[in-house]
Structures are given as C-alpha cells and as structure tokens.
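Produce the complete structure using the sequences and hints provided.
Chains as they are written, first to last, in UniProt numbering: chain A, 1 to 291; chain B, 1 to 117.
Simulated from the structure, these hints should not be mistaken for laboratory data. Keep in mind the model is a prediction, meaning the values are calculated, not measured. By construction, the Cβ of each residue, glycine as well, lies at the ideal position given by its N, Cα and C atoms. Among these hints, one or two may not hold up.
[To be verified] Chain B regions said to be covered by chain A (calculated; three or more residues, Cβ under 8 Å):
1. 3 to 17
2. 42 to 49
[To be verified] Using C-beta positions, here's what the derived DEER-type ranges look like:
3. S33(B) x D86(A): 52 to 62 Å
4. R64(B) x K122(A): 23 to 33 Å
5. T23(A) x D97(B): 23 to 33 Å
6. P224(A) x G77(B): 40 to 50 Å
7. Q30(B) x G245(A): 55 to 65 Å
8. A53(B) x V96(A): 40 to 50 Å
9. S33(B) x G12(A): 45 to 55 Å
10. T24(B) x Q276(A): 48 to 58 Å
11. A53(B) x H110(A): 33 to 43 Å
12. S33(B) x P224(A): 17 to 27 Å
What follows is the residue order along each chain.
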Amino acid sequence: MIEMRGVTIRYGDTVAVDDVSLTLPTDKIYGLLGRNGSGKTSLLSALASYRRPSRGTVLVDGVEAFENPAIMRGTAFIRDTLDLNDSDRVRAALDVAGRLRPTWDAEYAHKLLDIFELDPRKRISALSRGQRSIVGVVLGLAARTPLTILDESYLGMDAVARTLFYRELLADYLAHPRTIIISTHLIEEVAELFERVVIMDRGRVLLHDETDALRGRGVTVTGPAEQVSAFATGHTVLGEQTLVGVRALTLDGRLDPDEIARGERAGLTFGPLGLQDLFVHLTSQRLEVSR
Amino acid sequence: MFNDRSPIYLQIADGIKNDILSGTLREDEQVMSTNQYAAFYRINPATAAKGFAQLVDEGVLYKRRGIGMFVSPAAPGKLRAERRERFFAEALEPVLDEAERVGISVDEITHYLGSRR
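Below is the structure:
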C-alpha cells in the first residue's frame, strides 16, 4: 500500500500539489491524468521520493519513503528528461541501471531493445525523440521494481512503438505483477490497461476511481432545446451546446435504460461519452461555470 | 472491440453469453483464463476478472479450483429464457417506435411478417 497523507508541494509562492491524501493499493496499473501544470509530475516526484513534500508524508507499506534506501531501490521513476549521461552509449546506461537495482532483468532489457529495434551501441546524445522514449520505457520495464512510475515517458514514440509498448507493458505486468503508475494525456488509447485512474486538477485530486466505472458514466443528450432541458432536470450538467433550437447537453452519471427509452420516444438522441471527453469536461474551467 | 457505452466488464460478460447462446462455447467447456483474456484483448486483468466473476455470480460459469472456469450445463437454457423475456421490450419495441416515426402501420408490418413465413 502506498499512502500520501496531506502532501503539499510548493515552489516559492506556487502550490503545485495542494494537501493531497491518496491511498494506492499495490500491484495495480494506475493512470494519472491531468492537464499541463495540474501537478502530476510534482505528485509523482513525491511518490517516487525524489522530492520531500513541503508538508505531509508518503508511506510505503506504512514506512516513511523519503531517503529510505530500500524503498528507493525498489522504485523506478522515469521522466521524459531521462536523467542520463549524454555521452554514454545505451548499453552503458542500462548497465548502470542494472547495478543500482537488484530486480533489474538485463536479458529482458535487451529483448525490449530488439523489439523496439534500438541499437544498444548508440550514444544517448544521438537518439531521436522517439528513441529516447524507448530507452525510458526499457529502463522502466526492465527495472521490474515494485513501484514503477512512467511520467509521460512514452509520448515521443510513434503509433507503432506505442502499440508495442502497451503490449509489452501488459504482458510483463501479467507475468510480474507490480505497481505501475503512468501519467499521460493520450487517454483513449491506453485507458483499457489502467485498473484505476487518478485525475488531477490544479494541484488537487479531482477523482480516483476504477477506470471501468467511468465508462458509460457520462452521456450526451441531443434534441429540441425544450425537451432536452426538461430531460436534464435533476442531472448534473457538465457541458452544453445550442444551435438554432437544437441543444446538446453532457450529463454526469449513469442513466437508467428506462429513462433513455422514454427520452428516445420523446425524440431525443443519446450518445456515450468517452473517457477522454469525460476528462475534458471534468477539468475544463469554462464548464465549471455552468455546473 | 469494446465501446464507451458501458463498463468493459459488462461487455465481456455479454460477449461470453453470446458465445454460449450461439453454441461457440458449449456446456462444460473451459473458457479462457482471465490472464489469457486480458492479453488477447489488451485490457487490464482486473477488468477481465470482474467480467468473469459476474458470470460466476450469475451461474453462467462455474469454477474448478486450480483448473479454471467452465460453462454451466444450465447456462444455454437459462440465457435463452432470459433473452426471450426481453425480446419484445428490447428488440421489438424500438422497431415499432421507428415504424411509427416513419409512418409504417402495424398492418404493413404484419403483412411483411406474413410474407416471411
């Protein structure tokens, strides 16, 4: 169990993480979602014990995590900056990772390089953006650490490499269950791999739930303005659009099938709301006004 | 494979029920393990496990300790009875609503059905 208790992180006057308490059961794949500047990286830095919170604590299995060598060895935190020596070759960077981590699987690391077709003799400085992402993912997966955090580390990859990454991530997780936290804004294509999602907004945790519980949670209702408004009574409205007499409302919450059938008979059209859209509606400032 | 209309675990359960109804999965036949299912459809294993657990709860599947999950002998009959009960409300009513919207009378529909006999 990983626990954050009242964690606040400040940079001067800026509050990046604002009094966050979060309990994460181990051996699950988590998706951390949030807009740019919502505090994701700061939160992850605290979770990975890279940064001491300005206030609050992070506990791993009940033990304070910061500056705890055993927990640090069992944590891999991969940032898009990679934190590697530019003049090193990929192979040397992997060797260093192997020496730092008792759980490191060198054979698996090389298998991954093969899969992604990356030459281990290349220097870090000579890698393309996509190749840097691949190195990050290899460092994260082959570490096999009980806590593995990938902070937007695969976003430089092209669609083919990302697909390979999702496949490898799932296969390796099935074989070696561990806690994996992935922050991303490519929500739709990876959501099915997340057991739970945490959504951050302006330094706070807006939502922490099973990913599957969010599917079918939002719904759009379209039709004649008056009927749509009448239908929406008693529901939380996340967003609205009106065009010459036609109104489309985005509602939060699961609707009863009977309710939908009644609405359809009244000439209303219903559509599902994808996770990406739900995320956009929940974290967009403008929509909050109409809430 | 999966859509955004409902939780994936429910879609998994429905898919397996359809396979049982169509005869793709037979009585006492073993179904995929949750890990095989997760790897095949690229979904989180916990989601797959929830779908299978739902089917065990409903008596559609049964577990054999250490071996896996199997189709209950009673499942095809039970599922068929459930679907038959829902057929008029869930399959036919929307058709009648659409017919009314576009001005097709019940007589026309009856005539059409008669010609299909």
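Cross-check of the supplied hints:
1. Given a C-beta distance limit of less than 8 Å, the hint that chain A covers the region 3 to 17 of chain B holds, as 7 residues qualify and 3 suffice.
2. Proximity of the region 42 to 49 of chain B to chain A, defined as three or more residues with a beta carbon under 8 Å from a beta carbon of that chain, is established by the 6 residues found.
3. Distance hint check: the CB atoms of S33(B) and D86(A) are about 45 Å apart, inconsistent with the given range 52 to 62 Å.
4. The hinted window of 23 to 33 Å between R64(B) and K122(A) is violated, with their beta carbons roughly 51 Å apart.
5. Range check, T23(A) to D97(B): Cβ separation about 47 Å, and the 23 to 33 Å hint is violated.
6. At about 45 Å, the CB distance of P224(A) to G77(B) agrees with the hint of 40 to 50 Å.
7. Between Q30(B) and G245(A) the CB atoms are about 56 Å apart, so this pair conforms to the stated range of 55 to 65 Å.
8. Hint check: A53(B) to V96(A), Cβ distance near 43 Å, so the stated range 40 to 50 Å holds.
9. At about 53 Å, the CB distance of S33(B) to G12(A) agrees with the hint of 45 to 55 Å.
10. With their beta carbons about 33 Å apart, T24(B) and Q276(A) fall outside the hinted range of 48 to 58 Å.
11. Here the CB-CB span from A53(B) to H110(A) is close to 38 Å, well matched to the stated 33 to 43 Å.
12. A hinted range of 17 to 27 Å is violated for the C-beta pair S33(B) and P224(A), which are about 50 Å apart.
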